[in-house]
Amino acid sequence: MCGVAGYCGPAFGADNAQALLRDMTGALRHRGPDDGGLYIGEAAGLGHRRLSVVGISDGHQPMVSADGHVHISYNGEIFNYVELRDAMMQRGRIFKTSSDTEVILHLYEELGPDCVSLLNGDFAFAIWDERRKRMMLARDRMGVRPLFHSWQNGTLYFASEVKALLEVPGLVARIDPVALDQIFTLWAPIAPRTAFLGISQLPPAHIMLIEGGEAASRPYWNLEFPDANDPGDDRSEAALAEELRALLDDATRIRLRADVPVGSYLSGGIDSSVIAAMAAKKVPQGLRTFSVTFTDADYDESVYQSQMVEMLGTTHTSVQFRASDTADLFPEVVSGTEQPILRTAPSPLYRLADHVREQGIKVVLTGEGADEILAGYDLFAEARVRRFCARQPRSRIRPHLFRKLYPYLPALQQQTPEYLAAFFGAGLDAADEPLFSHRPRLRSTAAAKMFFSDDLRATLGGYDAAEELASTLPAAFVRWHPLHQAQYIETTQLLPGYILSSQGDRMAMAHGVETRFPFLDPRLVEFSARIPPRFKLRGLSGKHLLKIAARGLVPDAIVKRPKQPYRAPESVSFARKGGYVAERLSAAALADAGLFNPRSSGKLVEKCLNKQAAGFRDNAAFVGVLSTQLWVDRFAGKQPPFQKTRRS
Amino acid sequence: MTDPSTAEIRTFIVDNFLFGDENHPLTDDTSLIENDLIDSTGILELVAFLEQRFAIAVNDSDIVPANLDSIARISSFVGGRLGQSNSAAN
Numbered sequence: 000m001c002g003v004a005g006y007c008g009p010a011f012g013a014d015n016a017q018a019l020l021r022d023m024t025g026a027l028r029h030r031g032p033d034d035g036g037l038y039i040g041e042a043a044g045l046g047h048r049r050l051s052v053v054g055i056s057d058g059h060q061p062m063v064s065a066d067g068h069v070h071i072s073y074n075g076e077i078f079n080y081v082e083l084r085d086a087m088m089q090r091g092r093i094f095k096t097s098s099d100t101e102v103i104l105h106l107y108e109e110l111g112p113d114c115v116s117l118l119n120g121d122f123a124f125a126i127w128d129e130r131r132k133r134m135m136l137a138r139d140r141m142g143v144r145p146l147f148h149s150w151q152n153g154t155l156y157f158a159s160e161v162k163a164l165l166e167v168p169g170l171v172a173r174i175d176p177v178a179l180d181q182i183f184t185l186w187a188p189i190a191p192r193t194a195f196l197g198i199s200q201l202p203p204a205h206i207m208l209i210e211g212g213e214a215a216s217r218p219y220w221n222l223e224f225p226d227a228n229d230p231g232d233d234r235s236e237a238a239l240a241e242e243l244r245a246l247l248d249d250a251t252r253i254r255l256r257a258d259v260p261v262g263s264y265l266s267g268g269i270d271s272s273v274i275a276a277m278a279a280k281k282v283p284q285g286l287r288t289f290s291v292t293f294t295d296a297d298y299d300e301s302v303y304q305s306q307m308v309e310m311l312g313t314t315h316t317s318v319q320f321r322a323s324d325t326a327d328l329f330p331e332v333v334s335g336t337e338q339p340i341l342r343t344a345p346s347p348l349y350r351l352a353d354h355v356r357e358q359g360i361k362v363v364l365t366g367e368g369a370d371e372i373l374a375g376y377d378l379f380a381e382a383r384v385r386r387f388c389a390r391q392p393r394s395r396i397r398p399h400l401f402r403k404l405y406p407y408l409p410a411l412q413q414q415t416p417e418y419l420a421a422f423f424g425a426g427l428d429a430a431d432e433p434l435f436s437h438r439p440r441l442r443s444t445a446a447a448k449m450f451f452s453d454d455l456r457a458t459l460g461g462y463d464a465a466e467e468l469a470s471t472l473p474a475a476f477v478r479w480h481p482l483h484q485a486q487y488i489e490t491t492q493l494l495p496g497y498i499l500s501s502q503g504d505r506m507a508m509a510h511g512v513e514t515r516f517p518f519l520d521p522r523l524v525e526f527s528a529r530i531p532p533r534f535k536l537r538g539l540s541g542k543h544l545l546k547i548a549a550r551g552l553v554p555d556a557i558v559k560r561p562k563q564p565y566r567a568p569e570s571v572s573f574a575r576k577g578g579y580v581a582e583r584l585s586a587a588a589l590a591d592a593g594l595f596n597p598r599s600s601g602k603l604v605e606k607c608l609n610k611q612a613a614g615f616r617d618n619a620a621f622v623g624v625l626s627t628q629l630w631v632d633r634f635a636g637k638q639p640p641f642q643k644t645r646r647s
Numbered sequence: 000m001t002d003p004s005t006a007e008i009r010t011f012i013v014d015n016f017l018f019g020d021e022n023h024p025l026t027d028d029t030s031l032i033e034n035d036l037i038d039s040t041g042i043l044e045l046v047a048f049l050e051q052r053f054a055i056a057v058n059d060s061d062i063v064p065a066n067l068d069s070i071a072r073i074s075s076f077v078g079g080r081l082g083q084s085n086s087a088a089n
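From first to last, the protein sequence lines stand for chains A and B. Using numbering that gives the first Met the number 0, the letters of the first sequence map in sequence onto residues 0 to 647. Using numbering that gives the first Met the number 0, the letters of the second sequence map in sequence onto residues 0 to 89.
For the record, the hints were derived by calculation from the structure and aren't laboratory data. Hints may contain errors.
Here are the simulated lysine to aspartate or glutamate pairs, EDC-like style, with alpha carbons at most 16 Å apart [to be verified]: (1) A:Lys602 / B:Asp20; (2) A:Lys606 / B:Asp20; (3) A:Lys132 / A:Asp233; (4) A:Lys602 / B:Asp59; (5) A:Lys448 / B:Asp2; (6) A:Lys448 / B:Asp35; (7) A:Lys602 / B:Glu21; (8) A:Lys562 / A:Asp377.
Away from chain B, derived, C-beta distances all over 10 Å, residues of chain A [stated by the list, open to error]: (9) Ala16; (10) Ala279; (11) Gln413; (12) Asp463; (13) Leu603; (14) Lys606.
Just so you know, these numbers come straight off a predicted model, no measurement behind them. By construction, the Cβ of each residue, glycine as well, lies at the ideal position given by its N, Cα and C atoms.
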């Protein structure tokens, strides 16, 4: 796992190029503390920071092909590199190193840009083909590894994180108002947009070719589901569970490939427990496992973590997270996410990665991705209940199911059936509209936009982020089962934009820790897409097939426990912080940035910091305003964070 | 003229759910739910306010949109409860 940086465009002096690449890679040092390197060519340059995991002694980058014409700077891991290398060796190719980097180089020489379709891995890389004068950028299917780019005076600059791009002379950090609206609706910008005006991200599963001063990007893979009238994979539940288990086992096996020890996160839920159980059987020297525990019992899952540790006999350590840690770490967290966030949930993961690194481990497996591909989120069951209620709008019995879905939300437990139905839009939302499954979440999140300043509202001019999201959906979407529609939105928007980014890569890589996700193995993703909906969501119980597949691997108490969403202490954590919280949320700082209404934001701050009972919406708004203000301070500095314009 | 309880209810809603935004086109009949002005925690805040400010009892079965989903409905509900209290006192 590493950091990449580079440019492609008109030549500028070697000294200038070297200085620039040094500055850019210097900003990525946390991603690759072990080694660094540069390549400067006639019309392109590559920089690299390395976290040595595979081919430790001979994997220096940028790496060049045997003929000296193809150069690569690469961040990530190709988990099937052993099989790809063996196949190419049989075809007569000679390898000089034991690294997966060289495998990509050879594969590129054989197949050109199409080489990406053979890669089973998490990657973002740049390949400079000196003969063709062509730069290729590529990003993995699910969007695990980031890659950002920006044009400046006819040159395309790119890097693993935006902070490296901000080293490019003339490139300034301004917030993209549309991205802010998207974050305050969808939790993340819609790729290729980022929080930074004029800086884009390469969307997941895309390649970009830059040749002759022009860039063209295209997807090389798409997430697809069968039509609703197509039975999909029509094997029995037992047969599907067996295949799921076999695929997951192999996905875990190849994700243990490394020349350094690989550990595993244990959250206490079924996903990470299954992964740890499979990994433990394959690590004869003993698996290291890691957890975060919470002093606040509402968030703590240590009882289940202990059960799993006892069952597996792993060498386990945990780090305890106090409510005040959220506030203590939050500026560093926002520096890592590089985008405003509406949840504090990244903070404990930031702390956990720090702990893992202190323990001398560079690579960990996690259970992320199962909720998306196997339908574990409450949102999927919630959409089902909403449809069920809408069929009998007068029923006083049906809305009680919402209580069953959210046992961890006390305010919801106290509502009457009438209000439950009203909150979830039962009878209000059209069941056949594309975003039906996500409407309550979108509404609840977008309520935070009431704090936008008049200038920001005028600039946005009635822009609707949900409408834009709907416009990005593929044509086949309307033919899919409602559960698959909801899974598509969750897997292509929230997963790469927030879960794998703000809670994933950015929190772990801030400490030089690489996270690997067996559930996001392409074979598993494609297999899961064809599993009939009834085997994913059984009644209100998500991940049904995984629960079958996990039998014997994980204690029944973990398989059968109600889903507890991963959460962290929210606005109450900031109550006694003072310092940067008071400064960034002061009327003067809010007015200075110009993004939020100082008066209404001030009342929100007062409510959240002085009362214990702020609800989900108020918390999300508070965290959103504070993280945006921190973003402005960290990235825009004294410059105006946005240009006041009016959208036409 | 707006009766005092309606004015107080309006002030509470503007302060707590609109965070002081007087420019919001909030009429006495604006639905709090349909306009995303209130969530489940907000309902409980509203009930606590009504019980404390007007010294009325709000039963679980009273907590329905028909009673609480707009300023006019809340005002009518409170008026009804206060009327009951007065009748009982007489």
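Given as non-interface: alanine 279 of chain A, which should sit over 10 Å from chain B by C-beta: Non-interface label stands for alanine 279 of chain A: nearest chain B Cβ at 41 Å, farther than 10 Å.
Between the alpha carbons of lysine 606 of chain A and aspartate 20 of chain B, is the straight-line distance 16 Å or under? holds (15 Å)
Taking the shortest Cβ-to-Cβ distance between alanine 16 of chain A and chain B, state whether it exceeds 10 Å.
holds (51 Å)
task = Would you mind confirming whether the straight-line C-alpha gap from lysine 602 of chain A to aspartate 20 of chain B stays at or under 16 Å?
result = Measuring from Cα to Cα gives roughly 10 Å; hence the hint holds.
Measure nothing beyond the straight line between the CA atoms of lysine 562 of chain A and aspartate 377 of chain A; if it is 16 Å or shorter, mark the hint as holding.
Holds, at about 8 Å.
A cut-off of 10 Å on Cβ-Cβ distance, and leucine 603 of chain A was said to be off the interface with chain B. Does that hold?
At roughly 5 Å from the nearest Cβ of chain B, leucine 603 of chain A sits no farther out than 10 Å, so the non-interface label is violated.
Original post:
Is it correct that the beta-carbon of glutamine 413 of chain A has no partner in chain B closer than or equal to 10 Å?
Top reply: Violated: least Cβ distance 6 Å, not greater than 10 Å.
Check: Taking 16 Å as the top limit, are the C-alpha atoms of lysine 602 of chain A and glutamate 21 of chain B close enough?
Finding: holds (13 Å)
- Query: Given the hinted pair lysine 132 of chain A and aspartate 233 of chain A, is their alpha-carbon gap at most 16 Å?
  - Reply: Distance ~49 Å between lysine 132 of chain A and aspartate 233 of chain A Cα, so the pair is violated.
Checklist line | 16 Å limit on alpha-carbon distance, applied to hinted pair lysine 448 of chain A and aspartate 35 of chain B | finding: holds (11 Å)
Margin query: Against the 16 Å threshold, does the CA-CA distance of lysine 602 of chain A and aspartate 59 of chain B hold or violate the hint?
Written below: violated (29 Å)
ask   = If you draw a straight line from the CA of lysine 448 of chain A to the CA of aspartate 2 of chain B, is it 16 Å or shorter?
value = Outside the cut-off at roughly 32 Å; violated.
Going down the numbered hints, you'll see the structure goes against 3, 4, 5, 11, 13, 14, while the others check out.
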